[in-house]
Amino acid sequence: MAGLELLSDQGYRVDGRRAGELRKIQARMGVFAQADGSAYIEQGNTKALAVVYGPHEIRGSRARALPDRALVNCQYSSATFSTGERKRRPHGDRKSCEMGLQLRQTFEAAILTQLHPRSQIDIYVQADGGTYAACVNAATLAVLDAGIPMRDFVCACSAGFVDGTALADLSHVEEAAGGPQLALALLPASGQIALLEMDARLHEDHLERVLEAAAQAARDVHTLLDRVVRQHVREASILLGD
Amino acid sequence: MLQKREKVLLLRTFQGRTLRIVREHYLRPCVPCHSPLCPQPAACSHDGKLLSSDVTHYVIPDWKVVQDYLEILEFPELKGIIFMQTACQAVQHQRGRRQYNKLRNLLKDARHDCILFANEFQQCCYLPRERGESMEKWQTRSIYNAAVWYYHHCQDRMPIVMVTEDEEAIQQYGSETEGVFVITFKGILNVNKHRAQIEAFVRLQGASSKDSDLVSDILIHGMKARNRSIHGDVVVVELLPKNEWKGRTVALCENDCDDKASGESPSEPMPTGRVVGILQKNWRDYVVTFPSKEEVQSQGKNAQKILVTPWDYRIPKIRISTQQAETLQDFRVVVRIDSWESTSVYPNGHFVRVLGRIGDLEGEIATILVENSISVIPFSEAQMCEMPVNTPESPWKVSPEEEQKRKDLRKSHLVFSIDPKGCEDVDDTLSVRTLNNGNLELGVHIADVTHFVAPNSYIDIEARTRATTYYLADRRYDMLPSVLSADLCSLLGGVDRYAVSIMWELDKASYEIKKVWYGRTIIRSAYKLFYEAAQELLDGNLSVVDDIPEFKDLDEKSRQAKLEELVWAIGKLTDIARHVRAKRDGCGALELEGVEVCVQLDDKKNIHDLIPKQPLEVHETVAECMILANHWVAKKIWESFPHQALLRQHPPPHQEFFSELRECAKAKGFFIDTRSNKTLADSLDNANDPHDPIVNRLLRSMATQAMSNALYFSTGSCAEEEFHHYGLALDKYTHFTSPIRRYSDIVVHRLLMAAISKDKKMEIKGNLFSNKDLEELCRHINNRNQAAQHSQKQSTELFQCMYFKDKDPATEERCISDGVIYSIRTNGVLLFIPRFGIKGAAYLKNKDGLVISCGPDSCSEWKPGSLQRFQNKITSTTTDGESVTFHLFDHVTVRISIQASRCHSDTIRLEIISNKPYKIPNTELIHQSSPLLKSELVKEVTKSVEEAQLAQEVKVNIIQEEYQEYRQTKGRSLYTLLEEIRDLALLDVSNNYGI
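Sequence order for the protein chains is G and C. Quick note on numbering that gives the first Met the number 0: the first sequence kicks off at 0 and runs consecutively. Quick note on numbering that gives the first Met the number 0: the second sequence kicks off at 0 and runs consecutively.
Okay, chain G solo, but in the shape it has when bound (with noise of 0.2 Å):
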């Protein structure tokens, strides 16, 4: 097989998706009752549930409470079958360490937790093949269904770039061909960068390029994800019979 095309001539991806294009994405906010604020997310194949308590108090050791503003927990982990090769330990590896981090920089920067001092605020991902964008996105709507408040939705989206082009939203073929790719959270109406990460080599004079086309794919998700919360809200309105 002469390698995989990521993009042909005609400008269409392995998925039959153009450049700009997203994957298909379908949420759902509230799926959990016990817990604050739980939303389930689909982008593509990849699907991620996020789980929010609080903000409540502090459990455990006391010393860890932050005087001025709540403590944002994240924890991350990736279902066993979610991958083509069973994983034998779906949490507590360096991977999912350092999503968790990532994910708790990102909302440490989008909820307003000077509003909670002295609380914690937890939000537990899991994720089927899971990436960073789905993640975020997935805790956003949890955050927001618990009613925490933040300062504006935070849109997620990788990026990548083939052949000169910059392709939004990769798909984990995309992904596992091993070229440069770019996950940036963003807050929308301020555009605003929650964390951009990127750990493969590309050169300065693309960035800008990438950069945009994470940005303008996340302002597209927002636009979905505003639209989810619109509806959600709105059902939520006829079941308390307003």
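The hints are simulated quantities; they were obtained by calculation from the structure and are not laboratory data. Model, not experiment: these values are computed from the prediction. Any given hint could turn out to be false.
[Claimed, not checked] A short, non-exhaustive set of chain C residues, derived as facing chain G with CB atoms under 7 Å:
{"id": "1", "residue": "3"}
{"id": "2", "residue": "21"}
{"id": "3", "residue": "23"}
{"id": "4", "residue": "24"}
{"id": "5", "residue": "29"}
{"id": "6", "residue": "103"}
{"id": "7", "residue": "117"}
{"id": "8", "residue": "123"}
Using N, Cα and C, we set each Cβ at its ideal position, and we do this for glycine too.
Model the placement of chain C on the given structure of chain G, informed by the hints.
Structure of chain C alone, referenced to chain G:
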């Protein structure tokens, strides 16, 4: 809006485990179609190149075509090609990066009128692969589906042609959608022998297309349209528009005359095309003749390049460069074609070797062999080493192991053979006896050649290459070395031989077959009879006994007993054969006339064509037993190996080919019913003119010509209903009874042995041919058989010509004969001469435009006038009002002469000299049957050749005698010296040609 689909892939990991992977697949409503005919250009958002709008149709190559013939698709002449994404991916995944990049560049190049259509992303074109569907099938299905969508997308305004190699796809999709054609065009170029310059035909190979009117051959008119293809090439043709179609000419015309068909009205127009490509060249060795001196001079004195004329009319002249043109003038030479430039009228070739002088018997025979690609080099030492030894010092014996394995019939059965006189290779013997329960046992014992010829041994490979023994008019070339063919495998009288036997147990009264046994045996043939003797015995005439060597040394009493036994056996055998024959006749077996049919229909005749043979009943008896054996073996091997058995089929003929036969018969008032072999056989029997036996013979031979040849095939490549043998009216048939002279029989023997071991649950020794290999082998054998037939026919013609050559047609009595008209053309008639078995054309209008007229004394002369052709007669009217009419089946007197030809074989020319039947002054001659004459003819020609050689020797003798007589000095006279130098010079020439 995009639609999401999921594709499930099963991948294999490096550890060998399978991995189930789900991938997304997004479909969209609008994929750019890149067609100028697109109804919604805005939605399709074309960027990049568009297909040109002036093409007549779009071509969509199937994935396999893209993979294998990308080079052809790269031609800038090909326009309007749509590559489907499915096909491109097939190239990418299976043909590697280089090939794929070529395709990409092709698509990028603005000069090429081709586009890619991303059918897999179009929501209407995408077809998910079904469970269990093979990748190949799915790809073809997707491409076809996309083609249909594309056709409708362009609002049905542009026909689309999908090109595929997949026969099944053609059948499946060929007629599904209007306007989308699924085709593959491939055919073999056949050049019309008699009109080499103008006409050629392409017979389609399994072509199926929507144009249902394309059932006939395609006419290729003129050399230019033939586009450098040579007779026998597999070519691709393009059909011309209907208004350019031409008809084939029906007038008779000689090879050397120019296109004079212009004035005559050609027949109905038929599909006409031109060759656009040669898929497979069929270049072989060609026999050519150098131009004579005068012609060379006209070509230019110092021309190093010389145009030579091939012996075969269908091959164009070949340009070769040689310095020896002058020395090679009188020889037949083998050349080979090297190349044919697109700018050249003639192909280039080179000289290979010299065959012999023009007109020389050996040279001409060698020519016939080369032209039929028959190689008859003697068997090599390695091949002969494999042969068993049988010399007087160490005679061959039956080995004890074999004796144990085989059934011994030496004591229990009376085995005998019936063959023509002087036959060396006896490969079949018969036996019949009464069993204890009163039933009869009929046995056919065939020489066990496979015992001596191991699969894939040197001798086996050689035999496979030869495929058959070649019989020419005066000689034969054996398939197996003579130690086998004439000795160890030949079932001679009085010696122990290995055999493969089939034995049937027959009901004593009804001759129903009760049981059948196949197996290897040891036999000792008691009598080696010849047909005439057997017939005499059958008729109860016991005086022939003296001719049978086996009876010579016996005393009177045992002789009488043995004789009775033998007579009983022959009588019983004939009785059984009659029954079997009657049963087969009931199903419609054909009795046909003509050399070709003899070869097809029965086992014995083809060798003996030229040997005098009265139609004796014994012939039929033997033939019937052989047909029975072949039939049962065919059944057996087919049952054991339904997909890899070698059988022989004779497909039913096309009804339209019979139209000429029906017309002819109607002229005589007979009705020929050709609907089935039964009705045909019956109506042929009825169509008998009591006054003219030749009519029936001619009708039979016309029926034969209308039929296709019987062919070997592998059962795996044919449906069961196609196995039928039309001529013999049997559902399954094969060749089993002549392993000494046919390779097909050797294969069948091996299959039968394997079938027997399979029945006994034993391991099958050696590998049998797979269906594919067997198919290939069948093609080879069929091809060789055809070559054998051609060479036999050509050598007979050669002898006929040599026979008439020395005779002066004006004076010699034998050159004038009776002829029968069997077909009518616009400017002449076709004649059959029963006395010599010659068929040929006679003109009613000569080259100067004069027509034939017959005076009151019925002698013909040439006068100005005109010809008028009717359904079954032709009238010649002269300007002074006389007219003469020739009807079908009229007897006329013809003069036979030879039209000598330097470059080609000589041909026989017929000239009508009277419209009355020829009265033979010598009544004896009438009673001589034609085959008798044929063999006589061969003898005579051979003799005259020998005489010529003798004459040379005599000359030398004369000189020596002169010495004695005139007491000249023993030293050389100046005269002889000069003579010798002259001879040397000649020798020099003949020695040099090889250099």
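Going through the hints against the structure:
Because the beta carbon of residue 3/C sits about 4 Å from the nearest beta carbon in chain G, less than 7 Å, this interface hint is met. With 7 Å as the threshold, the beta carbon of residue 21/C comes within range of chain G, its nearest partner Cβ sitting at about 6 Å, so the hint holds. This hint holds: residue 23/C has a C-beta 5 Å from the nearest C-beta of chain G, less than the 7 Å allowed. A cut of 7 Å between beta carbons decides the hint on residue 24/C: the least distance to chain G is about 6 Å, and the hint holds.
The criterion of a C-beta within 7 Å of any C-beta in chain G is not met by residue 29/C, whose closest approach is roughly 11 Å, and the hint is violated. The interface hint given for residue 103/C holds, since its Cβ lies 6 Å from the closest Cβ of chain G, which is under the 7 Å cut-off. Checking residue 117/C against chain G: minimum C-beta separation of about 6 Å stays under 7 Å; hint holds. Residue-level restraint check for residue 123/C is violated (minimum Cβ-Cβ distance to chain G is 14 Å; threshold 7 Å).
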